[in-house]
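A.B. asks: Those protein sequence lines, which keep their order, are chains U and B.
Be aware that the first sequence starts at 79, since it is given in the numbering used here, and climbs by one per residue.
Be aware that the second sequence starts at 239, since it is given in the numbering used here, and climbs by one per residue.
By construction, these hints were calculated from the structure, which means they are not laboratory data.
Remember, predicted model here, so these are calculated numbers, not experimental data.
It is possible that some hints are incorrect.
[Claimed, not checked] The following label-pair restraints were derived from C-beta to C-beta distances:
#1 B/Ser443 to U/Leu159: 53 to 61 Å
#2 U/Gly154 to B/Arg512: 26 to 34 Å
#3 B/Lys706 to U/Leu159: 48 to 56 Å
#4 B/His579 to U/Thr143: 35 to 43 Å
[Unchecked claim] One side only, chain U facing chain B, incomplete, derived with CB under 10 Å:
#5 Ala92
#6 Glu100
#7 Leu112
#8 Tyr114
#9 Asn135
#10 Asp146
#11 Val148
#12 Leu159
#13 Ala161
#14 Phe163
#15 Gly169
Each residue gets a CB set at the ideal place from its N, CA and C atoms; glycine is no exception.
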Amino acid sequence: MISKKEVEKIAKLARLELTEQETEKMQKDLSEILDYFDLLKSAPKPKANYSNIPRNNGIANLNATRTDEVLPRNAGTVDRLMAGFPDKKDGYIKVKAVL
Amino acid sequence: MNLTNLTIKQAHQGLKNGDFTSVDLTKAYLEKIKKSDLNTFITVAEELALQQAEEADKKIKTGDFGMLCGIPCAIKDNILIKDIKCTAASKILENYVAPYDATVIARLKAEGAVFLGKANLDDSAMGASGETSVFGATKNPHDKTRVPGGTSSGSVAAVTAGESIYALGSDTGGSIRQPASFCGIVGFSPTYGAVSRYGLVAHASSLDQIGPIAKNVEDCKIVFEAISGKDKMDATSVDYKFEELKINLEGLKIGVPKEYFAKGLEPEVEKIIRNAIKKAESAGAKIIEISLPSTEYALACYYIIGPSEISANLARLDGIKYGLSEKGRDLLDVYLKSKGHGFGTEIKRRIMLGTYSLSSGYYDAYYKKAQEVRQLVRQDFSKAFEKVDLLFCPVSPFPAFKLGEKLDDPLLMYLADIYTIPLKLAGLPGLSMPAGKTEAGLPVGLQIIGNHFEENKILAIAQEMEKKLT
């Protein structure tokens, strides 16, 4: 069983505010699910190293890089993106002080 | 003439003959949606739809128009249509207006498509029942006390109930195929990379695919052809051109994975699937029992990899750039409150699971181990496809369950996707098509799985099976 303290630590890492009730339910649910994951311990090791296997559509895992160029965009896209900002000033996103 | 039970091809023919206009067609569907009590749509885009229908009618008059021109469709509400709300059925994006078109939407617009609106789904496309939407559960058109399946619940229920001719959905672990099975229509999840995901609200990026939902296989093929192919905006999309394949069941090697018929599969479902396989055999197919030994690990593997990617992808929803933004004392407080209030229960659970799996001290035991197991699952499938052309198996171990039945037990809900998940871990295409009904009248889907980029083989054989099963 995962401890309440651990649930709180993970929630903090994930930047999630959980209520007391949510923390309790999370503790129970996560414990059950993590127990189920124990099944994987009995799985054999694959032959190939997983870091250099092909992509999951069978295509070789090559780095796909693109040239650093400005791509044309619809004129209104910037305005539309800015319209979604919760708080803004002079065309910038306004945020709370970090420190 | 009933305009709300047409296939794409029938509607196209009607438009061509001048039997009705796209505006007539669109109005008939909008009317049907208004009368519906299934909760299939989150946003009905009446104004946009009628405007697109008028445009389509102009194009139709010239005589030069494609199969999808003027045909009304539903779009899952996690795919962006410019200037239309895209909520992902979540609180955090409840008021989010799409700033641009997803690539699939741009492609359908170029074909002259008509978008009726945005279809309901499970909150943030996480679930298996269509019940967790903040806009309320969608109901199964065959039995309103049951779930339609999820997460493309609204898309599938709308097509089933004649509220749309076809729909787009997205499939991460089974979200197109499982509801298609529960509602008795056709749903297709293409190979990873066959369709661009640009403009799809991200869930788990190594698994997400957009795919078509329709009344029959041919309609799925028409839509798939229109939306597939390389897109500069999605680096995982590949150069792909759909080419029709003329094959039939004669001499076809069909693999039947024995692990998909093990404990947990309801006998009535098994009987229907075995019967479909028998029909393929009678038509000349060779049935080969195969083994995918890593199947038992697939679900656990998926629920580590999926949530890990979710925890990274959903970090962007922080109350700063768009979406729900709660006031806070400082920056951290804004994050905590916006995420805490904006994410639903299942989303939080997955973010927590992912964060745990990726955190220092647990990474090797969970995330790394899951990646290794994913490799085993892939090897199983690639060995199988050395011996067989396609795999036939069930989509889900059971038919549509009752609303509320599994809502409080996450692990039980996860099991609904046990046969749809493994192929996603391997990036393979899979299709669900109606294979029969239980005694209670609930549809059961047959799943056809193919090798990478062999969509044409799946679709050709599914069309053959359609003739045998109806």
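A.B. asks: If a hint holds in the structure, say so; if it doesn't, say that too.
C.D. replies: Hint check results:
Between B/Ser443 and U/Leu159 the beta carbons are some 21 Å apart, a value that contradicts the proposed interval 53 to 61 Å. The beta-carbon spacing between U/Gly154 and B/Arg512, approximately 56 Å, falls outside the hinted interval of 26 to 34 Å. A C-beta distance of roughly 51 Å is found between B/Lys706 and U/Leu159, which places it inside the suggested range of 48 to 56 Å. Our hint of 35 to 43 Å for B/His579 and U/Thr143 holds, since their Cβ atoms are close to 39 Å apart.
With 10 Å as the threshold, the beta carbon of U/Ala92 comes within range of chain B, its nearest partner Cβ sitting at about 4 Å, so the hint holds. Nearest Cβ of chain B to the Cβ of U/Glu100: about 7 Å, under the 10 Å cut. The hint holds. The closest approach between the C-beta of U/Leu112 and any C-beta of chain B is roughly 8 Å, which is under the 10 Å cut-off, so the hint is satisfied. Interface hint status for U/Tyr114: upheld, as the beta-carbon distance to the closest one in chain B is roughly 6 Å, under 10 Å.
Hint status for U/Asn135 relative to chain B: holds, with the closest Cβ pair at about 4 Å, below 10 Å. For U/Asp146, the interface hint is violated, the least distance from its beta-carbon to any beta-carbon of chain B being 14 Å, above 10 Å. With a least beta-carbon distance of about 13 Å to chain B, the hint placing U/Val148 at the interface is violated under the 10 Å criterion. Hint status for U/Leu159 relative to chain B: holds, with the closest Cβ pair at about 5 Å, below 10 Å.
Proximity of U/Ala161 to chain B holds as hinted, the smallest CB-CB distance being about 7 Å (cut-off 10 Å). The criterion of a C-beta within 10 Å of any C-beta in chain B is met by U/Phe163, whose closest approach is roughly 7 Å, and the hint holds. A least Cβ separation of about 14 Å between U/Gly169 and chain B goes past the 10 Å threshold, and the interface hint is therefore violated.
Consistency note: the structure conflicts with the earlier hints numbered 1, 2, 10, 11, 15.
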